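Quick note on numbering: the sequence shown equals residues 382 to 449 in the numbering used here.
Don't read these hints as lab results, they were simulated from the structure.
Being a predicted model, the structure only gives us computed values, none of them experimental.
Be aware that one or more of the hints could be misleading.
[Stated by the list, open to error] With a cut-off of at most 20 Å between alpha-carbon atoms, the simulated DMTMM-like pairs for lysine to aspartate or glutamate come out as follows:
id: 1; residue 1: Lys401; residue 2: Asp412
id: 2; residue 1: Lys447; residue 2: Asp412
id: 3; residue 1: Lys413; residue 2: Asp403
id: 4; residue 1: Lys413; residue 2: Asp400
id: 5; residue 1: Lys390; residue 2: Asp440
id: 6; residue 1: Lys401; residue 2: Asp433
id: 7; residue 1: Lys413; residue 2: Asp445
id: 8; residue 1: Lys413; residue 2: Glu387
id: 9; residue 1: Lys406; residue 2: Asp440
id: 10; residue 1: Lys413; residue 2: Asp399
id: 11; residue 1: Lys390; residue 2: Asp433
id: 12; residue 1: Lys447; residue 2: Asp433
id: 13; residue 1: Lys406; residue 2: Asp433
id: 14; residue 1: Lys447; residue 2: Asp386
id: 15; residue 1: Lys390; residue 2: Asp403
id: 16; residue 1: Lys406; residue 2: Glu387
id: 17; residue 1: Lys406; residue 2: Asp445
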Amino acid sequence: MTVSDEEIKERIVNALRDDKIDVSKIQVTVDKGRVTFSGTVPSYSARNTITDAASRIRDIVWFDNKKP
């Protein structure tokens with residue numbers, strides 16, 4: 382079963398919210414399973430949490446964390 386980019390994005394945003402990350406300042410872009418994060422977060426720890434959350438999402442082919 383192929384998962385749409387929109388479904389992957391929804392999974393990511395939900396995972397970030399579950400990890401108590403304020404997603405209002407984070408942009409998540411998904412294109413053919415490739416995810417790019419951009420925006421700002423309050424700490425390096427929050428950035429690591431975003432990376433950890435993304436690594437738990439199935440169907441992501443690749444992701445880039447552009448210093449949120």
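Given hint Asp412 paired with Lys401 - CA-CA distance at most 20 Å: violated (25 Å)
Lys447 paired with Asp412 [C-alpha distance capped at 20 Å]: holds (15 Å)
20 Å Cα cutoff - pair Lys447, Asp433: holds (14 Å)
Pair hint Lys406 and Asp433, alpha-carbon separation not exceeding 20 Å: holds (18 Å)
Pair hint outcome, Lys406 versus Asp445 [Cα-Cα no greater than 20 Å]: holds (16 Å)
Restraint status (C-alpha distance of Lys413 to Asp403 at most 20 Å): Roughly 25 Å separates the two Cα atoms, so the pair is violated.
Lys413 paired with Asp399 [C-alpha distance capped at 20 Å]: violated (24 Å)
Restraint status (C-alpha distance of Lys390 to Asp433 at most 20 Å): holds (15 Å)
Restraint status (C-alpha distance of Lys406 to Asp440 at most 20 Å): Roughly 24 Å separates the two Cα atoms, so the pair is violated.
Given hint Glu387 paired with Lys406 - CA-CA distance at most 20 Å: The given pair, whose Cα atoms are some 19 Å apart, holds under the 20 Å limit.
Restraint check for Lys401 with Asp433, where alpha carbons must lie at most 20 Å apart: Cα-Cα ~13 Å, so holds.
Holds or violated: Lys390 to Asp403, with C-alpha atoms at most 20 Å apart: holds (15 Å)
Comparing the model with each numbered hint stated earlier shows that hints 1, 3, 4, 9 and 10 do not hold.
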